[in-house]
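Chains L and H, in that order, are what the protein sequence lines are. Residue 208 in my numbering is what sits at position 208 of the first sequence, and the numbering runs on without skipping anything. Residue 338 in my numbering is what sits at position 338 of the second sequence, and the numbering runs on without skipping anything.
Lysine-lysine pairs mimicking BS3-like chemistry, simulated, CA-CA at most 30 Å apart:
1) H:K256 to L:K420
2) H:K21 to L:K292
3) H:K40 to L:K420
4) H:K21 to L:K295
5) L:K416 to H:K256
6) H:K21 to L:K287
7) L:K435 to H:K195
8) L:K427 to H:K129
9) H:K397 to L:K162
10) L:K241 to L:K273
11) L:K435 to H:K21
12) H:K21 to L:K317
13) L:K162 to H:K195
14) L:K427 to H:K209
15) L:K204 to L:K252
16) L:K317 to H:K129
Derived by calculation from the structure, the hints in this document are not laboratory data.
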Amino acid sequence: MREIKTVTILGANGAMGSGSAGVIAAFGGTKVYMLARDLEKATQGIEAAVGSVKTDSIRPRMLSGTYEADLEKAVSESDWVFELVAESYEVKEPINQRIAKARKPGTIVSTVSSGLSIARLAKAYDEDGQKHYYGTHFFNPPYKMILCELVTHSGNDPKVTKNLGSYLDKVLGRAVVYTNDTPAFAGNRIGFQLMNEVAQFAEKHAEEGGIALMDEILSGYTGRAMSPLATVDFVGLDVHKAIVDNIYANTKDEAHETFKLPDFMQKLIDENKLGMKSGQGLTKILKHGDGKREKFVYNSKTGNYDPYPKFDIPFIKQARSRIQDSNYRGAMEIVKAAQGLEADLARYFIGRYISYSLSIVGEVVETKEMADAAMGFGFNWVPASAFVDYLGGPKETISLLETSKLPIPSILTKAKPSKKFYELGNKLDARSLFKG
Amino acid sequence: MAEKVFVLGGEQTDFQRNWSKEGKSFLSMMREVMDDAVEKVGIDYQTIAKLNKENRVAVFVGNFDAEQYANQGHLGAFLTEVNPAFYGVPGARYEAACASGSVALDAAMTHIRAEDYDLAIVLGIEVMKTVSSNVGGDFLGTAAYYEKEAKGVQFPFPKLFGKLADVILERYDITEDRFMDALAEISRINYANAKRNPKSQTRSWFMNKEHAVARGGANNMAVGGRLCITDCSQVTDGAAVTFLASKDFAKDFSKKHNKDIDDIPRIKGWGHRVAPITFDAKKEESKGQKYILPWTRQTVKDAYDRADLDMKDIDVFETHDCFTSSEYAAISAFGITDPGKEHEAIEAGTIDFHGKKPINPSGGLIGVGHPVGASGVRMMLDLHKQVTGDAGDYQVKGAKNGLMLNIGGSATTNMVFILGR
Chain L
1 MREIKTVTIL GANGAMGSGS AGVIAAFGGT KVYMLARDLE KATQGIEAAV
51 GSVKTDSIRP RMLSGTYEAD LEKAVSESDW VFELVAESYE VKEPINQRIA
101 KARKPGTIVS TVSSGLSIAR LAKAYDEDGQ KHYYGTHFFN PPYKMILCEL
151 VTHSGNDPKV TKNLGSYLDK VLGRAVVYTN DTPAFAGNRI GFQLMNEVAQ
201 FAEKHAEEGG IALMDEILSG YTGRAMSPLA TVDFVGLDVH KAIVDNIYAN
251 TKDEAHETFK LPDFMQKLID ENKLGMKSGQ GLTKILKHGD GKREKFVYNS
301 KTGNYDPYPK FDIPFIKQAR SRIQDSNYRG AMEIVKAAQG LEADLARYFI
351 GRYISYSLSI VGEVVETKEM ADAAMGFGFN WVPASAFVDY LGGPKETISL
401 LETSKLPIPS ILTKAKPSKK FYELGNKLDA RSLFKG
Chain H
1 MAEKVFVLGG EQTDFQRNWS KEGKSFLSMM REVMDDAVEK VGIDYQTIAK
51 LNKENRVAVF VGNFDAEQYA NQGHLGAFLT EVNPAFYGVP GARYEAACAS
101 GSVALDAAMT HIRAEDYDLA IVLGIEVMKT VSSNVGGDFL GTAAYYEKEA
151 KGVQFPFPKL FGKLADVILE RYDITEDRFM DALAEISRIN YANAKRNPKS
201 QTRSWFMNKE HAVARGGANN MAVGGRLCIT DCSQVTDGAA VTFLASKDFA
251 KDFSKKHNKD IDDIPRIKGW GHRVAPITFD AKKEESKGQK YILPWTRQTV
301 KDAYDRADLD MKDIDVFETH DCFTSSEYAA ISAFGITDPG KEHEAIEAGT
351 IDFHGKKPIN PSGGLIGVGH PVGASGVRMM LDLHKQVTGD AGDYQVKGAK
401 NGLMLNIGGS ATTNMVFILG R
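With the rest of the complex left out, here is chain L (with noise of 0.2 Å):
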């Protein structure tokens, strides 16, 4: 691989656009050609880059211009063409024939997209093109969200992949994790499965608590920074929808079903509530003149938003409790024990996150450690594997499955009992990531 000093972001106005240009900039030292639609754009891109990071010192290694003067010259000079465009082959597929005539040989050329194939992709390329082509998925925002999705295909040099994926971790400082060119690839596979289970849920469960329901049960003291709907809502109901389609649509795994999007999020999606970005979505928040915040949830049931509900759930306070004590096997000891239909959808839902994560080892990455750095590292989610050791280890965790009527991961049938489970602890320490 040719030593990356000059790098061209396609989609620079973004915010994952100028998010991965900041960090590449600053961690990369490289010079950067910031490319958008207008030059307004593209300088908006800068300042953000500039603003992501932090630091003035990038700027003068930014140089702002169009697609349609500045591409050729661009990606002609760089030794890293990163395109961030819309996510659709309608828009990537024009902009990589033009790549591909204007790359020089040995230039790596790679996509940020997060659900679209990369080998398709990649046909845009001659031989020495489609070897250097690649998927990197970064998470947003970049600086902050380390992880890397390294995506190759049958056409890569397993070389360059090595090169590319050192220069991503030694020198931009990002938790590489390889993956294949499989649907939504690790991270989103996982979460989105999660995410979009617990709607389906919220919807059948929409009299006992609904959408606020569902978020309680799988709060913080399930490992996770922010709630499953409450992502949802953070990422854009739109994104979800198409995320969780494509997967719908092209895979056929266990949990294909739980892939559905439910009615009442296509609903909302026609309705243009989104999320957080048009104002409404699942949730929604109202400022009051005397500057009060009111939150608000939507209800599937009638359509209306009801103020957003307080729960008073026994176990959940005391495994929360736990968990200030650090005492994170004795929180999972409560959860194990509790009783009632609350209880029962926390430990599906445990039980469902490791089961799937566990299972898609093989399929779209070689080994648990890179589902669980996906999880870790994109998610800010307990990864799997050390659930599996607070659960009491691989056989209590496989008894937690199967009252849950969950299908059980061959890894977990061959684990050694006697080992800790979960082998990434010295690069994450997985109790930060459960809150009391």
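Based on these hints, arrange chain H on the given structure of chain L.
Chain H only, in chain L's frame:
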């Protein structure tokens, strides 16, 4: 001295963690770091319980200001909440501002030397992210003479160490540009070193020389005279533990762990001096002297004398870089250069990770982070890692002797330990 107090190792928390955001407290931190330390060192709670019954173990807790940060005093008694093995254990909390960890180490060492106990467990701890940086800055002001130096002052400590930078420029023959460049290089080195340390707070942060040297503006604000954000250590939640032991205990320990007693590091020397508390008094006292911080220099000399060692014998330093100006002054205090010539060592790469006298391979307070009451203990832990070859990616090759300087206030309390094999 050299054959009295042995250091068996320990553990620290991941300084990147924000325990308030996790919904956890100083006590959860104590539990986790203690559990991790007993596992890492290989002394279980049963052994501690047995030693406790025989009155052969004591605990020493270094903490600066849990009263304000966590509304809790009396931390010396809190190991009993970690494990019943500590019921009845002799224990107290030790405080000397940012040198709290070191005065806990000093008390532990003294009891071992006096043959009171066979094992001394030293735990340094601070939670700081419970309050905003403004409020925290005011709490830290109590490490100065609050009434005279900190009351009503926003961020008093950067200002005090900014004054140190001013005095360096006044007294020594160095241009401002060259001096500020040297300070920026100190910052760059500490951040770069921290990248190799898997427990450092800033390991995923961006820093380079260009950024450190570009002072002023929204992305590198001035906080104390000439000093800007890149010249400062961090606000950190964190704890560290080290186990000190008598020779007899260390002998048994090494046998149990298939080691030679010669492989267990020992405290070879120490120094402890308190300078006048206000910075102005320090400045006044040192007028006409070679060193601006003569008591810091004297503390280092005391440690060298007690250890019968000199600068040339020290392979690695951990210093108190609460600000770049304090690390700058430490270079001559260690004897690496004459006072006034510190920049030459910086420019020559002497204190860099691959240099002849590496300072802060861990990343120091700027890179690892600075949980105030824990820093002294963390430094001792890092010296232990270095001289036992256990520092992983930030190992200084072949380190045999290490020296740590931990200061409290504006270089008021000075504590030095030399650890070696």
